[in-house]
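**Student:** Sequence:
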Amino acid sequence: MMHILATALSGTTRPSNRVGGSPLIPLSDPRNAQRAGPEQIHLTGASVDSIHVTWSDNDTSTAPSVVEVRAVSDAASWTAVPGPSGSVYSALQAADACPGGYTDPSCIYTSSVLHSVQL
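Under our numbering, the residue at position 15 of the sequence shown is numbered 7, and the numbers go up by one with no gaps.
Worth flagging that the hints you see were computed from the coordinates, not collected in a lab.
A hint or two may mislead.
Unchecked claim - Label-pair restraints from in silico Cβ distances:
| id | residue 1 | residue 2 | range |
| --- | --- | --- | --- |
| 1 | L16 | N50 | 14 to 24 Å |
| 2 | A28 | E60 | 15 to 25 Å |
| 3 | A67 | S98 | 41 to 51 Å |
| 4 | Y101 | T46 | 12 to 22 Å |
| 5 | S98 | D51 | 20 to 30 Å |
| 6 | V64 | A25 | 11 to 21 Å |
| 7 | R62 | P22 | 19 to 29 Å |
| 8 | D96 | S65 | 52 to 62 Å |
| 9 | P18 | Q110 | 27 to 37 Å |
| 10 | D21 | S79 | 16 to 26 Å |
| 11 | I100 | R62 | 34 to 44 Å |
Even glycine gets a Cβ: it sits at the ideal position worked out from N, Cα and C.
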């Protein structure tokens, strides 16, 4: 379950200055080690009055996703917002990164559980 503290945002939206993509790294690289808890948390505008919260989690359960939110002015009252069940996908690594192909299990990437809830 995710906890989000809702507050008004102010300021200027700035474009990302990221240039280029990430290098290919093998699945055995320590940077790919699983971590506990939610990762890669994204807040995406859905409409003028809603937002999507999307995150990955290394928990293997694809149980329904839940985000708990509260207003800054109400420190004691959390509201649970349910979403659909988490999902997982698998993909074959790029040929140059994995010469064993689809018959080599170490060449198959399987994502952590992906969750998304609309607030």
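**Student:** Hints numbered earlier in the text: which of these fail when held up against the supplied structure?
**Tutor:** 6 and 7
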